[in-house]
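Please construct the entire structure, taking both the sequences and the accompanying hints into account.
Chains as they are written, first to last, in our numbering: chain W, 1 to 98; chain F, 99 to 593.
These are computed hints drawn from the structure, not numbers from a lab.
Every residue, glycine too, gets a C-beta built ideally from N, C-alpha and C.
Treat the hints with care, since some could be wrong.
To give an idea of the chain W side of the interface with chain F (calculated C-beta under 10 Å), a few residues [what the hints assert, rightly or not]:
| hint | residue |
| --- | --- |
| 1 | Ser20 |
| 2 | Asn33 |
| 3 | Leu76 |
Label pairs and their in silico Cβ distance ranges [claimed, not checked]:
| hint | chain 1 | residue 1 | chain 2 | residue 2 | range |
| --- | --- | --- | --- | --- | --- |
| 4 | F | Glu385 | W | Arg73 | 49 to 59 Å |
| 5 | F | Glu385 | W | Ser4 | 37 to 47 Å |
| 6 | F | Tyr477 | W | Leu77 | 34 to 44 Å |
| 7 | F | Ala160 | W | Glu25 | 54 to 64 Å |
| 8 | W | Glu58 | F | Asp222 | 16 to 26 Å |
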Amino acid sequence: MLLSKEDVEHIALLARLHLSEEEKERYREQLSNILDHVGKLQELNTADVPAMASIAVERSRLRPDVPAAAMPRADLLANAPDAADEQFRVPPVLDGGA
Amino acid sequence: MSAVRSGALHELSAKQALAGMRAGKFSSVELTRTYLERIEQHNTRLNAYLYVAPEAALQAAAAADKLYAKARRKADTKLPALLGLPIAVKDVLAVAGMPTTCGSLILEDFVPSYTATSVQRLLDAGVVILGKTNTDEFAMGSSTENSAYGVTHNPWDETRVPGGSSGGSAAAVAARLAPVALGTDTGGSVRQPAAFCGLTGLKTTYGRVSRYGLVAFGSSLDTVGVLARDADDAGLILKVMGGYDPHDATTVERAPKLDKPSGKSLKGLKIGVPKEYFIDGLSAEVEGGVREAIAQLEALGAKAVPVSLPHTEYALPVYYIIAPAEASANLARFDGVRYGLREEQADLIDMFKRSRGAGFGPEVKRRIMVGSYALSSGYYDAYYGQAQKVRTLIRRDFDTVFKKVDIVAAPATPSTAFRIGAHGSDPLEMYLEDVFTLPANLAGVPGLSLCAGFDSQGLPIGLQMLGPHFADERLLAVAKAYQRVTDWQTRQPAL
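Dropping the structure here:
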């Protein structure tokens, strides 16, 4: 078993996932098995192999910097769970903020 | 209506249907209605479609018929290539005004205001969208069992999975609930369901088709592809939807044109048969079917030679680091702020955690966590860094082999369609379903799977062909030559 319960809680925080106690135990086991399996890669000596930086066949180019119409704000806000005054509304981010 | 009974329009391939409409034998409204009726009749059982758009489809079909009528009055009217052809779209591709759930609860109510480039090009060519098809949540899976909206059933045996993640599209085309459908392939999600459902499935070269409007899973792996009854139909769709798109910087301006067989003979074509794809765990019946198909290609004039892709066994571990790593970054956007499910909390971080905890299903959570771990401080080099190095080796394997042969032929899957629930508790077991399809995504090369016969239980067997970058048309041409002399692709499941 590679991972402890604390490891799983740390990963879940990094990933911004709330997990139940039951999920934590299940994922501890499953993630350990997966990590164990992918650990197979350590058997290869890759000292002289460059890491693949891009799979793209051509070097990607920048498109011309030409102003174009943006998507209408109302369309984009239409999918927001909470919007007000043409903005997305979220819980307070700063301490003491209103 | 003389040559074709109106009740049998669903038996026509896309190519035949287009020819029939052009010749005025039937209308797009009649064709579209035929499919809508079949969806109405069979979809409750199969669960291939998550969303059906009968009104919009019939409206688009009527508009197509008007243009056909105009062309009959005015000979110089230019008709779009796919005018009036119904299609189904996998529910990870955005279509303005239609729900795009990605098979996830987190996007249950999401309706995009824009359309994916691949779909838009098809719309510009005149297609009629029937609806959106089921998928494993965010395309993560090999069976559609990971969809939040229920499993899709394989039309060849409804106790079995259709494959995945484009299982809804595959089941729809196999059951004749659509002539052709769009899918996406990040690790085999077009080729594997095509194999399980007896279809021709094309995974395009990375850079050939724009991913703009495709909800991103693994950005260095994601490709848009097509599930069709035969190579001709797949080619029709590719021709329209491919090409440079300023909205996807990885698309190439001009895809190089590679040699391809023309006509019936495959004389001069060299096929590599990689020994690493004929391993323990490959079912004897699949191996038999695939070897017979390769013999058929040889009978058409091709020469088959053994080749080696030595790093094939590392594709699975490389994939299950890189794909989750990219997924963990891509799916960070689902935070309950701009779109998607939100669980209200007083604290912002709690809101993120609760929203994502409630909205994502088990496989998506697993992959996000594997990815977060692999990218986290202290583990990055050992996991992600090493995986990207081995990915280089996998790509080099293909570069080396394609200096010697024109295509590679191998099984698409280790077995035929498995039973719903067969891989219940162990995620690794499900991952092993993709061992033969993952390498192409890691190398960015095109792949095609086609029906090469049936096993003793009547389930389709898939032959997979891989080619060098931009050999998409070569693969289609070989498939077409094969389909000229076989008739597997014309068989239909009894519904």
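Right, here's what the structure says about each hint:
For serine 20 of chain W, the suggested interface contact is upheld, since its CB lies about 8 Å from the closest CB of chain F, less than 10 Å. Hint on asparagine 33 of chain W holds. Least Cβ distance to chain F is approximately 6 Å, under the 10 Å limit. For leucine 76 of chain W, the interface hint holds, the least distance from its beta-carbon to any beta-carbon of chain F being 7 Å, beneath 10 Å. Taking the beta carbon of each, glutamate 385 of chain F and arginine 73 of chain W are about 57 Å apart, inside 49 to 59 Å as hinted.
Distance hint check: the CB atoms of glutamate 385 of chain F and serine 4 of chain W are about 43 Å apart, consistent with the given range 37 to 47 Å. One distance hint, 34 to 44 Å for the beta-carbon pair tyrosine 477 of chain F and leucine 77 of chain W, holds here, with the actual separation near 39 Å. As the Cβ distance of alanine 160 of chain F to glutamate 25 of chain W is approximately 57 Å, the hint placing it in 54 to 64 Å holds. Under the hint 16 to 26 Å, the C-beta atoms of glutamate 58 of chain W and aspartate 222 of chain F, about 25 Å apart, fit the expected range.
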